[in-house]
Amino acid sequence: MKKIFASTKGLTDRPTHYCPGCTHGVIHRMVGESIEELGLRERTVGIAPVGCAVLAYEYFNCDMFEASHGRAPAVATGAKRSRPDLILFTYQGDGDLASIGMGEIIHAANRGEKITVIFVNNAVYGMTGGQMAPTTMPGQYTTTSPFGRDTAEVGYPVRMTEVITQLTTPAFVARVSTHTTREIVRAKAVIKEAFRYQAEGRCFTFVEVLSTCPTNWGLSPREAVKWVEKEMVPYYPLGITKRPEDFTEEWKDGGH
Amino acid sequence: MTKVLMKGNEAIGEAAIRAGCLHFFGYPITPQSEVPEYLAKRMPEVGGTFVQAESEVAASNMIYGSAGVGIKVLTTSSSPGISLMAEGLSYIAACELPVVLVNIMRSGPGLGGILPAQGDYLQATKGTGHGDFQLIVLAPSSVQEAVDLVVLAFELAEKYLNPVMVIGDGMIGQMMEPVEFPPEGQGKPLDPGDWALTGCKGRKKRIINSLYLDPIECNDINLKLKAKYDLIAKKEKRWETYNCDKPYDLLICSFGMMSRICKTAIDDLAEQGIQVGLFRPITVNPFPYEACRKAMDKAKRVLVLEMNMGQMLEDIKLAGEGSKEIDFFGTAGGVVLSPDESLLKMRKSLRKIPKATKAKPKKKPAKKTKAAKKRKSR
Numbered sequence: 001m002k003k004i005f006a007s008t009k010g011l012t013d014r015p016t017h018y019c020p021g022c023t024h025g026v027i028h029r030m031v032g033e034s035i036e037e038l039g040l041r042e043r044t045v046g047i048a049p050v051g052c053a054v055l056a057y058e059y060f061n062c063d064m065f066e067a068s069h070g071r072a073p074a075v076a077t078g079a080k081r082s083r084p085d086l087i088l089f090t091y092q093g094d095g096d097l098a099s100i101g102m103g104e105i106i107h108a109a110n111r112g113e114k115i116t117v118i119f120v121n122n123a124v125y126g127m128t129g130g131q132m133a134p135t136t137m138p139g140q141y142t143t144t145s146p147f148g149r150d151t152a153e154v155g156y157p158v159r160m161t162e163v164i165t166q167l168t169t170p171a172f173v174a175r176v177s178t179h180t181t182r183e184i185v186r187a188k189a190v191i192k193e194a195f196r197y198q199a200e201g202r203c204f205t206f207v208e209v210l211s212t213c214p215t216n217w218g219l220s221p222r223e224a225v226k227w228v229e230k231e232m233v234p235y236y237p238l239g240i241t242k243r244p245e246d247f248t249e250e251w252k253d254g255g256h
Numbered sequence: 257m258t259k260v261l262m263k264g265n266e267a268i269g270e271a272a273i274r275a276g277c278l279h280f281f282g283y284p285i286t287p288q289s290e291v292p293e294y295l296a297k298r299m300p301e302v303g304g305t306f307v308q309a310e311s312e313v314a315a316s317n318m319i320y321g322s323a324g325v326g327i328k329v330l331t332t333s334s335s336p337g338i339s340l341m342a343e344g345l346s347y348i349a350a351c352e353l354p355v356v357l358v359n360i361m362r363s364g365p366g367l368g369g370i371l372p373a374q375g376d377y378l379q380a381t382k383g384t385g386h387g388d389f390q391l392i393v394l395a396p397s398s399v400q401e402a403v404d405l406v407v408l409a410f411e412l413a414e415k416y417l418n419p420v421m422v423i424g425d426g427m428i429g430q431m432m433e434p435v436e437f438p439p440e441g442q443g444k445p446l447d448p449g450d451w452a453l454t455g456c457k458g459r460k461k462r463i464i465n466s467l468y469l470d471p472i473e474c475n476d477i478n479l480k481l482k483a484k485y486d487l488i489a490k491k492e493k494r495w496e497t498y499n500c501d502k503p504y505d506l507l508i509c510s511f512g513m514m515s516r517i518c519k520t521a522i523d524d525l526a527e528q529g530i531q532v533g534l535f536r537p538i539t540v541n542p543f544p545y546e547a548c549r550k551a552m553d554k555a556k557r558v559l560v561l562e563m564n565m566g567q568m569l570e571d572i573k574l575a576g577e578g579s580k581e582i583d584f585f586g587t588a589g590g591v592v593l594s595p596d597e598s599l600l601k602m603r604k605s606l607r608k609i610p611k612a613t614k615a616k617p618k619k620k621p622a623k624k625t626k627a628a629k630k631r632k633s634r
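Quick mapping for you: the protein sequence lines, in order, are chains A and B.
For reference, each letter of the first sequence is one residue, going 1 to 256 in the numbering used here.
For reference, each letter of the second sequence is one residue, going 257 to 634 in the numbering used here.
Careful: at least some of the hints might be erroneous.
[To be verified] Okay, derived cross-link-like pairs now, EDC-like style, lysine to aspartate or glutamate, Cα gap no bigger than 16 Å in a straight line: (1) K482(B) x D388(B); (2) K480(B) x E352(B); (3) K457(B) x D85(A); (4) K2(A) x E42(A); (5) K461(B) x D13(A); (6) K556(B) x E581(B); (7) K502(B) x D523(B); (8) K460(B) x D13(A); (9) K460(B) x E58(A); (10) K461(B) x E36(A); (11) K457(B) x E229(A); (12) K580(B) x D505(B); (13) K460(B) x E42(A); (14) K484(B) x E352(B); (15) K493(B) x E411(B); (16) K457(B) x E223(A); (17) K573(B) x E546(B); (18) K415(B) x D388(B); (19) K519(B) x D596(B); (20) K573(B) x D583(B); (21) K580(B) x E570(B); (22) K461(B) x E58(A); (23) K554(B) x D501(B); (24) K604(B) x D505(B); (25) K480(B) x D388(B); (26) K461(B) x E42(A).
[Stated by the list, open to error] Distance windows between CB atoms, simulated: (27) K297(B) x I106(A): 37 to 47 Å; (28) P438(B) x G239(A): 48 to 58 Å; (29) T169(A) x V260(B): 37 to 47 Å; (30) A342(B) x P15(A): 34 to 44 Å; (31) A342(B) x P138(A): 30 to 40 Å; (32) I106(A) x L261(B): 36 to 46 Å; (33) M432(B) x T16(A): 27 to 37 Å; (34) I370(B) x P138(A): 39 to 49 Å; (35) R459(B) x I106(A): 29 to 39 Å.
None of these hints come from the bench; they were simulated from the model.
Since the structure is predicted, the reported quantities are computational estimates derived from the model, not experimental observations.
Note that the Cβ used here is the ideal one computed from N, Cα and C, for glycine as well.
Isolated chain B (complex conformation) (with noise of 0.2 Å):
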């Protein structure tokens, strides 16, 4: 297989094809114009569809009427879209249908600005849209794992029959970069199963709805919906450490493009004889709680470095359990840290560590009593 040089919103839409997915709806947006662009181009050369909406509202509803006659379906926006999504969103997961969306993220809030930034991490993860739903949220840190997270979502999509979103800060969508796909021909139509509206020919009609007047009927949707989140949570947890098999003072933890600033930052460091280990989640919902713990244990310190003002801050605080005194340090409006200013930002961390660590074994157990403190009287 060969490597092709790739804008990243071109690849996101070419992996979309690789995975099996003809239809498109979607409305352009600085910073991910270029998917709809490609596939207005791409998709009539592989027999598919290419549907530009008149918003995102329209958008995100007529993904709801692809998936729901049984077809793989793919959207993209960058954040003012998503938030007009939300609507199509809630309705496809109460519904139960499977959809890909790429957020290719821009700053905010409001009209913000249209330069990289991860400032839509707790809507992802959540606060998407109105009531008691979870999309799987996927956050690659280069082209070509943007490329194979779109192709795991088509996966996901399906099995869970959820949708499932990519957020990509803006430099995923802008930046070229080397990447592979899977061959063509591979992806395989969506089986529309027992629940997709194909025409009620041989069998009894079939009913795609989200309105359940009963409140034991719409509290019992909410549980089964619970329960199968709670599956995937259990089983699609994904994950990468760095720098974490050798011993380490300080624990970084960022995700997307950040985490890949933070890893050269990282090597400097080793060059320089000081070890600093990073854990970036790939699934930021479910959230890799226990893996997070896991390095966050074996550090002293924790920094968190975002390109937003401390999103996924709230998880690594709720996996450390107030375990680990923890920095952060955010940039925003499309302000991004080079690895030297990161470097430096893990520096200043570094020298809050104490040299000596005799007070660990003291304040360890203090610490264990509280927490289970805190579970007996649950």
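In isolation and in its complexed conformation, chain A is listed as follows (with noise of 0.2 Å):
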């Protein structure tokens, strides 16, 4: 029989404790697949963050830090410079890198950290119970803003993306979403060229994904799609943002 699929090399065999209908399990695939594919899984060094994927360090086939709560990109930080040789990844919430970490992310970003950010936004903390995040919606139910969210009591979602944007150090930067299958198709080709950057020793390299949060949103796995669609992609709108000065055509859709 022809093989047609195989799960990559990117990922261990450790069924994963994700939620039904989440989409971690996904993203954490396209990471994986992405680094095999480029042959950088053996040089690789990912850093899981405090949130639901504090487990990736199991998932991830590669060597793993987990670091302390939104201090990834320091850690990252640290690796990086000591050996330049080495692929290194960080993979956070909302609440950890938008949160608690916003610290070290907009200046590993300033710096120009040649590492990889995957910056997974589904609006809510979920590992703590589905409480409020930075990127929580506004009117979006959660359990510490159990009347929605006021944004003139705390404010508008916080668009990272455009954060990094508008930072004058160059840097790949983009959005993605995994609402659809055309989107998991496009995110996947920009998370390669996200690590092709980094491999070449460009620059820092970003990239946002519009994720899902079914249990915590009180929705099914099918609604829960359907709400990133309508009420997230408008709010956070997909593409790249931002290229390093010297890009060429040829680096556009992950070089395909």
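The two chains are supplied separately, each in an independent frame; assemble them into the complex guided by the hints.
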């Protein structure tokens, strides 16, 4: 029989703990495939966050750190500056990166650390039980915004991709999504492109991935992807927002 | 080998390079800023890496990342900055990574002041951060000793895979003294062993992690760390006694710069025919309790002098187990006793010692039975 699909060597065989309908698993696979396809797996060191993906160190099939809440970009800085031959990526959620780790991500980006940041935005704190995140949508119900996010009280959701994009330091910055198969295929190409930029020592690379949380949104998996499309995408527009100055057309869509 | 005249902070930076440390991550704070300033210039000369972190929180996580990939690494800070590093240090200790950090202590609490103090003794030795972990803590009393202890700190960090902290009060960092360094190029890179994250080529993946959700597993990690701390306590205690070869009635206990000031006062008293001993821990964690007790046993009274409100005093009391009267005098906020003022404090304690010591044999057995009873009841 002809083999038409094999699971990526970039991930271990361990079953994940993620909830049904959560897109963390898909995003893990895209990262695992990217580092495998680019031949980087054996020199890659990943950094797991605190949050739903805290156990990511068990799932990625490469050397892994577990970092404290929000500090993954600082840990990556220390590791990459010490061993520039390694490929460093952080895998962080919205509470981790956009709230407690805001300082670390901005400064790693501004220094132009040659690392790859995978930022999973599902508009809520997942692991701790569905509290409000900096990325929670206006009016969205969470356990700490029980009457809906009131923008007069707590402001508007933070658009991290746009925040990073406005820095002067050259970088590769993009926002992708996982709500349709087509978007997943696009997301994969962009994630792979980010790792390619790092492998060539070009620049800081940042990919925000819109993700679902059916459990804490109180929606079915199918309703959840629709919610991403209807509620999140208009506020968090998709696309590559920044490329390094020496970008050439051959790099478009990850060189495909 | 020749001596060079150097500021303490710069000497600390150079000592790290001589120990083979070519990576520094840190944040400016008075009175330690000359360390990053010196290394920003010096690291490029020796092919090393200097990164100015955005905060001490970030710096402590950068050294976690650096040590995790098997690199000899240094950070330095001063009191408020060390508080911010507590997070990273807990993770580093939990993951058993070798890092060296220096705390050039300033006065506190809060923003305090920028002048020398020793107010972080308890933070360094007993409660740096959350969870059950310990640092090895070394306390120099001169610029030369700061250099020697920074070199030793790298050895101990690698030997025990544990963070090692050198605590110097602001004066150590700011004053200039002649120092001698180990020759250049002698310090070796860290052995990445079987733990460093170097890329999984030709081997199984490695994980550096401090999350253990299974209580049994987490308990086992704590027991493993405790066994290591016990071993360090058994093997690595260091101290100095001064003027303790002659009989003395009063023992001074002091560490860091304060002990050096006390030595001058002790010399002055000796010239007047009064012998006073000095006990100075060099490893303040593990604290040399047994050696301290031995020095205390020879005295009739003990005086603890510190640049804080009585922090090492707690360890001296533990060492003495109630066997001696202990006086304490401390200054804070950057107030530093002069040798003459220290001498006055010593005279005050000396006056409290009864001339005749007939009561001594009566007292001693009484204390002993108390201690013996205590032991039995355990």
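These are the hints, each one checked on the structure:
1. K482(B) x D388(B): holds (8 Å)
2. K480(B) x E352(B): At roughly 11 Å apart (the allowed maximum being 16 Å), E352(B) and K480(B) satisfy the hint.
3. K457(B) x D85(A): Holds, because 13 Å separates the two Cα atoms, which is no more than 16 Å.
4. K2(A) x E42(A): violated (28 Å)
5. K461(B) x D13(A): Measuring from Cα to Cα gives roughly 13 Å; hence the hint holds.
6. K556(B) x E581(B): Roughly 8 Å separates the two Cα atoms, so the pair holds.
7. K502(B) x D523(B): Status holds; Cα separation ~13 Å.
8. K460(B) x D13(A): Holds - the C-alpha atoms of D13(A) and K460(B) are around 14 Å apart, at most 16 Å.
9. K460(B) x E58(A): Status holds; Cα separation ~12 Å.
10. K461(B) x E36(A): Satisfied, since the Cα-Cα distance of roughly 14 Å is no more than 16 Å.
11. K457(B) x E229(A): violated (41 Å)
12. K580(B) x D505(B): Judged against 16 Å, a Cα distance of about 11 Å means the pair holds.
13. K460(B) x E42(A): Judged against 16 Å, a Cα distance of about 10 Å means the pair holds.
14. K484(B) x E352(B): Judged against 16 Å, a Cα distance of about 10 Å means the pair holds.
15. K493(B) x E411(B): holds (14 Å)
16. K457(B) x E223(A): violated (42 Å)
17. K573(B) x E546(B): holds (12 Å)
18. K415(B) x D388(B): violated (20 Å)
19. K519(B) x D596(B): Holds: K519(B) and D596(B) sit about 11 Å apart, inside 16 Å.
20. K573(B) x D583(B): holds (10 Å)
21. K580(B) x E570(B): holds (13 Å)
22. K461(B) x E58(A): holds (10 Å)
23. K554(B) x D501(B): holds (10 Å)
24. K604(B) x D505(B): Roughly 13 Å separates the two Cα atoms, so the pair holds.
25. K480(B) x D388(B): holds (11 Å)
26. K461(B) x E42(A): holds (9 Å)
27. K297(B) x I106(A): 37 to 47 Å: For K297(B) and I106(A) the Cβ distance comes to about 27 Å; the hint is violated.
28. P438(B) x G239(A): 48 to 58 Å: holds (56 Å)
29. T169(A) x V260(B): 37 to 47 Å: holds (39 Å)
30. A342(B) x P15(A): 34 to 44 Å: For P15(A) against A342(B), whose Cβ atoms are near 36 Å apart, the range 34 to 44 Å holds.
31. A342(B) x P138(A): 30 to 40 Å: holds (37 Å)
32. I106(A) x L261(B): 36 to 46 Å: The hint (36 to 46 Å, Cβ to Cβ) holds, given that I106(A) and L261(B) are roughly 42 Å apart.
33. M432(B) x T16(A): 27 to 37 Å: violated (59 Å)
34. I370(B) x P138(A): 39 to 49 Å: holds (46 Å)
35. R459(B) x I106(A): 29 to 39 Å: Since R459(B) and I106(A) have Cβ atoms about 36 Å apart, the given range 29 to 39 Å holds.
When held up to the earlier numbered hints, the structure conflicts with 4, 11, 16, 18, 27 and 33 and fits the remainder.
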